[in-house]
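J.: Please model the entire structure based on the sequences and the hints provided.
Residue numbers (our numbering): 20 to 267.
The hints are simulated quantities; they were obtained by calculation from the structure and are not laboratory data.
A hint or two may mislead.
[Unchecked claim] Quick list of the computed label-pair ranges, beta carbon to beta carbon:
id	residue 1	residue 2	range
1	S73	D128	21 to 29 Å
2	L257	L107	23 to 31 Å
3	S73	G102	18 to 26 Å
4	P255	G102	21 to 29 Å
5	T101	P125	39 to 47 Å
6	D171	G82	35 to 43 Å
7	G232	D171	37 to 45 Å
8	G203	E76	28 to 36 Å
9	D254	G109	35 to 43 Å
10	G203	N57	45 to 53 Å
[Stated by the list, open to error] No more than 27 Å apart at the CA atoms, straight line, and that leaves these computed lysine-lysine pairs for BS3-like:
id	residue 1	residue 2
11	K231	K256
12	K231	K251
13	K231	K105
This structure is a prediction, so every number in the text was calculated from the model and none was measured.
Cβ coordinates follow ideal geometry from the N, Cα and C atoms, glycine included.
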Amino acid sequence: MRKKGYWKRTLGRASSLLLVAVFSLGIVGCSERVAIMNVEDSAGMTRAEVSALSAEERFDLYGERYERARELMTDAQLQLSTGSWKWLTGGVGGPWSGPSAAYPFPGADSRNSYFIDLTRTIHPEGAVGAREDAVPMIEYFESQGWEASLIDVEDRTGLGPHRFEARAVTEDGFRMVYQVQDNGQYNLSVMSGLFWADQSELSDDIDYRIPKGSFFPPGEESVPGVYVDFPKWSDPKLRGPDQEGKRG
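T.: Here's what the structure looks like:
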């Protein structure tokens, strides 16, 4: 039969080992968090640097990136058609949550990162998704000094449209994609890289300052150069929890 001292010593050693394990896990977890805070986003800013910015500064950064996406979209649209294009993504291009980005990075999730996506579509008369229909966009991309590629894409399910994609990445990290599909729908997308920020907070700061009637919902049409205007930080919030409280 074991003496009482034996069990005390055994329990003591077990407790010590447990504490060491918990402490070690804490160190590993802390190290991982520190490492993530030093990961740079597509603008070369670390999460720590972005966290140190004010909400207004993060808001203004989004406005600058949105303006650049608009510029890229308009110039590319004009290479193809000056007529009306349908909106496939509405609003101010996001901010869309991080995991959906084309090029995610370590530590990015749906809450702490975002990207911008502007997509428009046209149905050219007689369009059948011919490879040569994508060539003018390849030529345009190359004229801008961007490395371009033309990809033949088969739908994985075998049920969707077959398409060719003209692809390029700009010098500042925006991904350009022009899809010509055999169903006659041709899509043009401008997608930014991934950036650090509280996605929910940033989305509220932007959307609540834009009048509801200013949004173009998906399916609406506009000519190249027409977008939802980005608000100013000094503009009042028109919706949201703060306004609900004021009305009450």
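J.: Hint by hint, work out which the structure violates, then give me just those numbers in ascending order.
T.: Of the numbered hints, 3, 4, 8, 9 do not hold.
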